[in-house]
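Protein chains in written order, with this note's numbering: chain A, 1 to 418; chain E, 1 to 360.
It should be emphasised that the hints constitute simulated quantities derived from the structure, not laboratory data. Be aware that a few hints might be false.
[Stated by the list, open to error] Some chain A residues judged to face chain E by a derived CB distance under 10 Å, without partners named:
#: 1; residue: Asp59
#: 2; residue: Gly103
#: 3; residue: Asn104
#: 4; residue: Cys107
#: 5; residue: Pro108
[Said to hold, decoys possible] With a Cα cut of at most 35 Å, we get these calculated DSBU-like pairs of lysine-lysine:
#: 6; chain 1: A; residue 1: Lys67; chain 2: E; residue 2: Lys319
#: 7; chain 1: A; residue 1: Lys414; chain 2: A; residue 2: Lys67
#: 8; chain 1: A; residue 1: Lys178; chain 2: E; residue 2: Lys319
#: 9; chain 1: E; residue 1: Lys319; chain 2: A; residue 2: Lys349
#: 10; chain 1: E; residue 1: Lys330; chain 2: E; residue 2: Lys312
#: 11; chain 1: A; residue 1: Lys349; chain 2: E; residue 2: Lys330
#: 12; chain 1: A; residue 1: Lys304; chain 2: A; residue 2: Lys178
All C-beta atoms in this analysis are idealised placements derived from N, C-alpha and C, irrespective of residue type, glycine included.
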Amino acid sequence: MTNYDIAAIRDLVARRRPRHALESAFYTSPEIFAADMDAIFNRHWLYVAVECEVPEPGDALAVDIGKSSVIIVRGDDAQVRAFHNVCRHRGARLLPPGPALVGNLVCPYHAWTYGLDGALKFAEHMGDGFDRACLGLRPVALRSMAGLLFVCLSDDPPDDIDDVVRQMEPYLAPHDLKNTRVAHTADLIEYGNWKLVLENNRECYHCMPNHPELTIPLFAYGFGFAPEELSAEDLAQAERYETLRRTSHDRWEAAGLPSRLIEHLDDRPTGFRTERLPLDGSGESQTMDTMAACRVPLGTLRDKAAGGLHFWTQPNAWHHFMGDHVVTFSVIPLDEGRTLVRTKWLVHKDAVEGRDYDLENLTSVWNATNRQDADLVEMTQRGVADPAYVPGPYSPHTEGLVEKFMEWYLARLKAHLG
Amino acid sequence: MTDIDLPPFWDPESDDVLVCRAVRRQTHDVATFVLTAAQPRRFRYRPGQFMTFTVTIDGVEIHRCYTLSSSPSRPDSLAITVKRVPGGPVSNWLHDHLRPGMEIAALGPTGDFTLDLSHDAAPEKYLFLSAGSGITPVMSMARHLVDTRFDADAVFLHSARSPEDLIFARELAWMAEQAPSLRVRSICERDTPQNRWPGAMGRLDAALLAREVPDLRERRLFVCGPDGYRASARALAEQAGLDMARFHEESFDFGTLATQDPEIPAKIEALDAARHKVSFTRSRREIECGTDTPVLAAARAAGMRLPASCAKGMCGTCKCRLVSGTVEMKHDGGIRQREIDQGMILICCARPTSDLVIER
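Please model the entire structure based on the sequences and the hints provided.
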């Protein structure tokens, strides 16, 4: 049973003005939030973790997604699997959120014991005729994309994930995620609807006024601008960036580093976008001085100025892959007005904090940027909840990718509501 | 009236075979074997004495001494009371093979650890102290005392591992009922989940002794039990100011007497060494655990309640940090090698190979 009015939401979707922000209800209504969880988060591939978080047999990680919780665990056969974090006995959570080291998966309540393949191995006092074979943990669809772990809570996950993996793996492989480790994780709760978090991420219109740190390595005009409005100085900047992008792509591609744009944000269930973007200054990394933060390079990358490969997936992730470190972001809605943004900084697994990198230097750009974005999202959440709010138009130059996110979201919602 | 035609006395010079007449189970690992001579004989001995038995196991003759638990006041039969000992060849053979009707070669009785009641001496007060199967000679003494000096003032303090290990508990209670001047007290090191012990817990100590036997200095003491027990009883008696001429002790394993089989005391010592102390830091408990016993089983037997479930190394519920010591562990996936490397163990499937300190 759905706890929302399908017809009412269908009407709201139907009357949305293209290339405009959404009506207030999309950001503030608990019913639409419930529909979002059903239509989007329970049916699409979600980025939730990195394979290096479960490097060895027995390493497990529990991730909460809405009312669901998923256990990711590496078995004795070195395979990574995902299961619903629900005991088949009376439903208790097997693991609390976060990492764990397990022998078998054991319910703390009555010690029902599951192998790392999900099979029920032990359950006491269940009498004759008790069929363990029927009571294994329920699997969750899981895909590793060169080390990025995606799960889908649906029993019928979108099958285009294989194609995304095929296209993305050459881009991601040089960074060798399997030989990284998480140097730092930051969980930030933003007081805004999850769509505001994504919208904010899909444009850099707001970067110049708000992100003094991020715009040191990142070109603010990398995601579009209106040329007629730029000053001569800004125009020179934009041209410099365009030239740099072209020459960099040529150089990277020639060196076997896939770099050119692939964009399928709104034309498939597993929408995504990738491109290797040049960075300003030394072009090495997203740091305050644009230099590599970590002395140990990732994977096969020997060109220090390898820029930042950016990779977005609908509906909940964006990442930056650099020569020395990787920053991954996953978005988990908590309710209609609160969203968890989980940021992970990955370095080579052999890199030692204090010797090969300074954690503050590694994390400062995105810690500052996340904080600024959280404030922007909260401001917007307050504003769109104001009765005076009327949806405004997106910039055709700088907010085209916001519109693509919206197109994707509304199409998926519509597909679900019928 | 003519004289009753009494059988002659057993004569070790000419008699050497006893016949098993009954086997009485005392506890889960202790049995009493009731013996008579092959021909009608009466037995004359002093309470506390032992006999040497010979059995042939796998073609090898083994001699073993057992104190008589029976009383010479009932002279028509003898009894020995034997505890099964892991690795104890004769004791286990008796348990497994000696059945009514079977014969067993025996020599004796002999021994100097005896309660000698002379008719003319002033009445004395007694204290019988025993631990485990060390109860047999003092039981013989107590029976004899009750049968022949029913008003003699005696205290019987017996120590056992648990209520399940109490030997002669019902008979002692019955004796105390019959002879008001006999007081019987049992002390258990611990109780078990199935068998809560309402009485004194722990080991014999000065406080307990002062409470139960305030007039200890006026008594003659007969002590039988393992070395440590006897040593501590001796120390307590000295502390209490007893004239040590009144202190009589006997090792129940006859380590010094078993010259016919020098391996036996060695084996018994090995068995003693094969038990390890296990201390639990948070529970503030200390238990003993045999090398063949999983720590969890020993802890449960000692009445501890520790979280556990599958008890076969699978679920990991009993995972603990091993602060010190070494164990042998055969698990079934309930723990990772990395956890073991970090000092964790599953106590359900870990057997001590040294004394242990466990964080729990």
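Hint by hint, here is what the structure shows:
no.	hint	in the structure
1	Asp59	holds, 9 Å
2	Gly103	holds, 4 Å
3	Asn104	holds, 5 Å
4	Cys107	holds, 9 Å
5	Pro108	holds, 8 Å
6	A/Lys67 - E/Lys319	holds, 30 Å
7	A/Lys414 - A/Lys67	holds, 22 Å
8	A/Lys178 - E/Lys319	holds, 30 Å
9	E/Lys319 - A/Lys349	holds, 29 Å
10	E/Lys330 - E/Lys312	holds, 9 Å
11	A/Lys349 - E/Lys330	holds, 33 Å
12	A/Lys304 - A/Lys178	holds, 20 Å
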